[in-house]
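Student: All chains, please: the whole structure from these sequences, using the hints.
Using my numbering, you'd call the opening residue of the sequence shown number 1 and step up by one each time.
There could be a bad hint or two in this list.
Straight-line Cα separation of at most 25 Å, DMTMM-like style, residue types lysine to aspartate or glutamate; simulated pairs [as the list claims (entries may be wrong)]: (1) K229 - D272; (2) K137 - E201; (3) K327 - E32; (4) K137 - E282; (5) K291 - E306; (6) K23 - E143; (7) K168 - D262; (8) K168 - E142; (9) K278 - E143; (10) K183 - E314.
Please keep in mind that the hints were generated in silico from the structure rather than gathered at the bench.
Please read these numbers as outputs of a predicted model, since none were measured by experiment.
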Amino acid sequence: MKTLCVNAHAKEANGIKLDLIDKPMPSPGKNECLIKVISSGINPSDTLAVMGYFDHAMLPRVPGRDFSGTVIEGPSNWVGKNVWGTGGAAGISFDGTQAEFIKLSVEKVSEIPSNLDVVVAGAQPLPYVTAYYSLLKRAHLEEGETVLVVGALGQVGSAAMSICSWKKCNAIALVQGSKEVEKANLLGWNAINSADSNLLEKILAANKGHPIQVILNSVGNIYWQDFIKVLSEFGRIVTIGAHENVREANINLFNLYRANQDIIGVNTVSLDFSENSKLLDELKVGFEENKLKTLTLNQLMIYPPERASEAYREAIKDSSGKRITIKFT
1 MKTLCVNAHA
11 KEANGIKLDL
21 IDKPMPSPGK
31 NECLIKVISS
41 GINPSDTLAV
51 MGYFDHAMLP
61 RVPGRDFSGT
71 VIEGPSNWVG
81 KNVWGTGGAA
91 GISFDGTQAE
101 FIKLSVEKVS
111 EIPSNLDVVV
121 AGAQPLPYVT
131 AYYSLLKRAH
141 LEEGETVLVV
151 GALGQVGSAA
161 MSICSWKKCN
171 AIALVQGSKE
181 VEKANLLGWN
191 AINSADSNLL
201 EKILAANKGH
211 PIQVILNSVG
221 NIYWQDFIKV
231 LSEFGRIVTI
241 GAHENVREAN
251 INLFNLYRAN
261 QDIIGVNTVS
271 LDFSENSKLL
281 DELKVGFEEN
291 KLKTLTLNQL
301 MIYPPERASE
311 AYREAIKDSS
321 GKRITIKFT
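Tutor: Shown next, in the form of structure tokens:
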């Protein structure tokens, strides 16, 4: 079978090289599914992994955390079903999903929503799992609460905006620049330009003067002091990313405990296929009710495995909410 392989870490984006090799097809054991992979979305963590960002990344290895495909062998009640999944450390500390065939035990897979195309489905898991786990499982988001989604036009941000709508919450999109505000407004979002000098006042005004219950933060400490000031009593800040140079943040612990506030860190690498399959089962409901929107995946963003290196380089360049996927035929 055809398998992508990382044999060496690239020092820069232009140096990314993924080899396409032949490996024996996996043989499923009891309660395992042999899955013909159809689509595998490329995540930011996948690109970081091929550039050696993670100290624990093994070599050589098969990249990829996400997949969609069809069960061709395994328990009779699974054979023929279209499934999807995402593995926390897949493609980093053990072989990932970007191969023609993979095997997983039944508790590690989830059936794809009946109204999703299989190729499109392969580009959804990690962004949606990250947003859903952060908001519902860690921040315990409740109906009617207000969420400030930082980087709302990004992959996780777009998923978060859709989840907020599904769960009947008030979402405020924090985006960068007037063009992004226009794009967000066209989507019907309540959007704020992060470049505005009076950001704190703009955030409060977007929520009719009220503080914010939940903040989904993907940019480290850049707006930290404003976030702390607009956070409500019993408010929660969930941080899902912090690049170099934006990792240190100050907090007044007296104010924090007096306001019963929570600061939460989410690292989805710690969530394995089994945990994520349960989250995907819950998300399946939202998709089948047409309450969740798929992340954008046009034909130009679908690459064959022979062009995987190009796809990874494109994924590094593209910072919008568009998804890029490897399609196995």
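Student: For every hint, state whether the structure bears it out.
Tutor: Going through the hints against the structure:
1. A distance of roughly 35 Å separates the Cα atoms of K229 and D272; the hinted pair therefore is violated under the 25 Å criterion.
2. Between K137 and E201, the direct Cα distance comes to roughly 29 Å. Violation of the 25 Å bound is thereby established for this hinted pair.
3. Of the pairs offered as hints, the one joining K327 and E32 holds, with about 23 Å between alpha carbons and a cut-off of 25 Å not exceeded.
4. Restraint check for K137 and E282: the C-alpha separation of about 11 Å stays at or below 25 Å, so the hint holds.
5. Restraint check for K291 and E306: not satisfied, since their Cα atoms lie roughly 35 Å apart, outside the 25 Å limit.
6. At roughly 49 Å between alpha-carbon atoms, K23 and E143 are farther apart than 25 Å, so this suggested pair is violated.
7. Distance hint between K168 and D262 is fulfilled; the C-alpha atoms sit about 22 Å from each other, no more than 25 Å.
8. Among the hinted pairs, K168 with E142 is consistent with the structure: their alpha-carbon atoms are about 8 Å apart, no more than 25 Å.
9. At roughly 21 Å between alpha-carbon atoms, K278 and E143 fall within 25 Å of each other, so this suggested pair holds.
10. For a cut-off of 25 Å, the pair hint linking K183 to E314 stands: about 22 Å separates their Cα positions.
Checked against the numbered hints above, the structure breaks hints 1, 2, 5 and 6 and satisfies the rest.
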